[in-house]
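> So the chains spell out like this:
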Amino acid sequence: MMPRHSIFGLARAIVVAILVAAAWPAFAQPDPALDARLKRLEEELRCLVCQNQSLADSNAPLAEDLRREVHGLAAAGKSDDEIKAFLVARYGDFVLYRPPVKSTTWLLWFGPLVLLIVGGVVWWQVARRRPRRDQPAMPGTASTAGTADAGAAALAKARALLDRPSE
Amino acid sequence: MKALRLRLVLPLAVFAAIVVLLWVGLSRDPREVPSPLIGKPAPAFTLPLLHVDGKTLGTADMKGQVWLLNVWASWCVSCRIEHPLLMELAKANVVPVIGLNYKDKPADGIAWLTEHGDPYRHSVVDADGRVGIDWGVYGVPETFVVDKAGVIRYKQIGPVTKESLEKTILPLVRELRKA
Chain E
1 MMPRHSIFGL
11 ARAIVVAILV
21 AAAWPAFAQP
31 DPALDARLKR
41 LEEELRCLVC
51 QNQSLADSNA
61 PLAEDLRREV
71 HGLAAAGKSD
81 DEIKAFLVAR
91 YGDFVLYRPP
101 VKSTTWLLWF
111 GPLVLLIVGG
121 VVWWQVARRR
131 PRRDQPAMPG
141 TASTAGTADA
151 GAAALAKARA
161 LLDRPSE
Chain A
1001 MKALRLRLVL
1011 PLAVFAAIVV
1021 LLWVGLSRDP
1031 REVPSPLIGK
1041 PAPAFTLPLL
1051 HVDGKTLGTA
1061 DMKGQVWLLN
1071 VWASWCVSCR
1081 IEHPLLMELA
1091 KANVVPVIGL
1101 NYKDKPADGI
1111 AWLTEHGDPY
1121 RHSVVDADGR
1131 VGIDWGVYGV
1141 PETFVVDKAG
1151 VIRYKQIGPV
1161 TKESLEKTIL
1171 PLVRELRKA
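These protein sequence lines map, in sequence, to chains E and A.
Residues in the first sequence are numbered from 1 upward in steps of one, following the numbering used here.
Residues in the second sequence are numbered from 1001 upward in steps of one, following the numbering used here.
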């Protein structure tokens, strides 16, 4: 036998379903796939007014207008690239958080990599020339052996502490 | 000896390069985004006039003359900064200025012009900002210089200053007139 409250719940669900179905045309056709696509797209577009916010995050009036514009274009069946091209034609590459690779953006795209390589080469050159640390720099110091013993002692102490049963 | 000199000079050269890069980069205004519309035909519009009911003005009406499009609104605070300069420009009658009343209520726009003075040959109403988007407007006030063929030649973002007017906009207008 079905418990009473679940029968009541079922009846209520049916009533709600009928009401929603009746009111359906009044809704602006919720389309989760389109919403997700627009959200993803708007996160890649920069708001011109608050320049460190995306179109999705910004509350600026222009961002609202541009979101409306993007929605309209998407509803008209335009692809993501066409929508981006629409905005780039008006506001320039600046609206894209991921600017295209071209001659004026080479420094932007490859600069960090070049710096990393230069830094690596310099580091390698310096490291190669510097005398190695594990060879005793001055005669008569037995510091290496001493520190090894101290390290082993500290490790043993730590082990003992960890093995102690907790209170 | 030679290697030593390189080791002295190289870090200095790198430092100098970074200084130059930062000097140029940081002295630029990041709010001024270069417009991709410069050198391109001005996006066409036909919009209702602010002052006359039922009449429109469009980019096509301005063909054959050099003109300025000034984007303004009654809610725009910086528009008050450039307003006296535009009034002077109108008095000197150098170049026709069309006002684009951007995302404003027409009544508010008219009241603002009545209070401060009207420097525009005509003002047109862009109530929903749709034409503003076509022109890449993002920071009111903005001023565009359009040549005789209807091509955008220059865009000023933010208020027009005495300097930008005398050093850039007016010389450009004179040059475009001759063309």
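Certain hints may be false.
What the hints assert, rightly or not - Quick look at which bits of chain E chain A covers, simulated, 3 or more residues with Cβ under 8 Å:
1) 47-54
2) 59-70
3) 79-90
As the list claims (entries may be wrong) - If you want the ones that stay clear, here's a sample from chain A, every Cβ over 12 Å from chain E, calculated:
4) Val1033
5) Leu1037
6) Thr1046
7) Pro1048
8) Asp1061
9) Val1077
10) Leu1085
11) Val1097
12) Pro1106
13) Ala1107
14) His1122
15) Asp1128
16) Gln1156
17) Glu1166
18) Val1173
19) Arg1177
To be verified - The list that follows gives simulated cross-link-like pairs (lysine-lysine, DSSO-like), each with its CA atoms no further than 27 Å apart:
20) Lys102(E) to Lys1091(A)
21) Lys84(E) to Lys1155(A)
22) Lys1091(A) to Lys1167(A)
In case anyone wonders, no lab produced these hints; they're calculated from the structure.
Glycine included, each C-beta is placed from N, C-alpha and C at the ideal position.
> A separate judgement is required for each hint: does it hold in the structure or not?
Results for each hint:
1. 47-54: Three-residue rule met by the stretch 47-54 of chain E, so holds; n is 3.
2. 59-70: holds (count 5)
3. 79-90: holds (count 3)
4. Val1033: Nearest chain E Cβ is 5 Å from Val1033(A), so the label is violated.
5. Leu1037: violated, 7 Å
6. Thr1046: holds, 19 Å
7. Pro1048: holds, 19 Å
8. Asp1061: holds, 23 Å
9. Val1077: Val1077(A) is indeed farther than 12 Å from all Cβ atoms of chain E, at 14 Å.
10. Leu1085: Leu1085(A) clear of chain E: closest Cβ-Cβ about 24 Å, beyond 12 Å.
11. Val1097: holds, 22 Å
12. Pro1106: Pro1106(A) is indeed farther than 12 Å from all Cβ atoms of chain E, at 18 Å.
13. Ala1107: holds, 19 Å
14. His1122: Answer for His1122(A): holds, closest chain E Cβ roughly 24 Å.
15. Asp1128: violated, 8 Å
16. Gln1156: Holds: least Cβ distance 16 Å, greater than 12 Å.
17. Glu1166: Holds, since 27 Å exceeds 12 Å.
18. Val1173: Consistent with the label, Val1173(A) stays out of reach of chain E, its closest Cβ about 24 Å off (over 12 Å).
19. Arg1177: Holds: least Cβ distance 28 Å, greater than 12 Å.
20. Lys102(E) to Lys1091(A): violated, 46 Å
21. Lys84(E) to Lys1155(A): holds, 22 Å
22. Lys1091(A) to Lys1167(A): The hint holds at about 19 Å.
Of the numbered hints listed earlier, those contradicted by the structure are 4, 5, 15 and 20.
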